[in-house]
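Heads up: the sequence shown begins at 121 in our numbering, then just goes up one per residue.
Hint data in this document are derived by calculation from the structure and do not stem from the laboratory.
Quick caveat: nothing in here was measured; it's all calculated off a predicted structure.
Be careful, since some hints might not be right.
[What the hints assert, rightly or not] Quick list of in silico lysine-lysine cross-link-like pairs, PhoX-like style, CA-CA up to 25 Å:
1. Lys222 to Lys130
2. Lys228 to Lys130
3. Lys130 to Lys157
4. Lys228 to Lys131
5. Lys157 to Lys131
6. Lys157 to Lys200
7. Lys157 to Lys228
8. Lys200 to Lys228
9. Lys200 to Lys222
10. Lys131 to Lys222
11. Lys131 to Lys200
12. Lys122 to Lys228
13. Lys122 to Lys222
14. Lys157 to Lys122
15. Lys157 to Lys222
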Amino acid sequence: MKEQLINLSKKVGFISVDNLIKVNDSYYYLWMCELQKWLMESHNIYAIPDSTFTMALKTNIGFYSNVFTPNLNSSTVCFKTIYYSESFYYHFEEALEEGLYKACEFLKNNI
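Make the full structure from the sequences, and use the hints.
Spelled out as structure tokens, the structure:
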């Protein structure tokens, strides 16, 4: 999904601060964090992995991908869910990657 996310992010106007031509594996997580920040600051879209941690089990078995945007027309604080994954991921980075992809898809379809 790495190449698809990079290509889609370019289509929605994201340009890395370092303006990298090719994102290598060691830089990819930092690049995703930069994209996440850009989506929040420029488009008010939040891609944040949710933990499946429960106090009863005292274990963290994975992460769900969660994408939302604040409802600014409401008098109370509430959020509009754009995407919430049905399955969970064992790694934070995988859930973040999926969330960023879904956020960019949403942005592409709504600009």
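Quick rundown of the hints versus the structure:
With a C-alpha separation of about 14 Å, the suggested pair Lys222 and Lys130 falls inside the 25 Å cut-off, and the hint holds. For a cut-off of 25 Å, the pair hint linking Lys228 to Lys130 stands: about 10 Å separates their Cα positions. For the given pair, Lys130 sits about 15 Å from Lys157 by alpha-carbon distance, which is consistent with the 25 Å threshold. Of the pairs offered as hints, the one joining Lys228 and Lys131 holds, with about 7 Å between alpha carbons and a cut-off of 25 Å not exceeded.
Of the supplied pair hints, the one linking Lys157 and Lys131 holds, its CA atoms being roughly 17 Å apart against a limit of 25 Å. Using a Cα cut-off of 25 Å, the hinted pair Lys157 and Lys200 holds, with the two alpha carbons roughly 18 Å apart. Pair hint Lys157 plus Lys228 holds up; C-alpha atoms about 17 Å apart against a cutoff of 25 Å. For the suggested pair Lys200 and Lys228, the alpha carbons sit about 17 Å apart, so the restraint of at most 25 Å is met.
Proposed proximity of Lys200 and Lys222 is supported: the alpha carbons are some 14 Å apart, at most 25 Å. Between the alpha carbons of Lys131 and Lys222 the distance comes to roughly 13 Å, so the proposed pair stays at or under 25 Å and holds. With a C-alpha separation of about 24 Å, the suggested pair Lys131 and Lys200 falls inside the 25 Å cut-off, and the hint holds. Distance check on the hinted pair: Lys122 and Lys228 sit about 17 Å apart at the alpha-carbon level, within 25 Å; holds.
Taking the CA atoms of Lys122 and Lys222, the gap is about 13 Å. The hint holds against a cut of 25 Å. Between Lys157 and Lys122 the alpha-carbon distance is near 18 Å, which keeps this suggested pair within the 25 Å criterion. A C-alpha spacing of about 15 Å is found between Lys157 and Lys222, which places the hinted pair at or below 25 Å, so the restraint holds.
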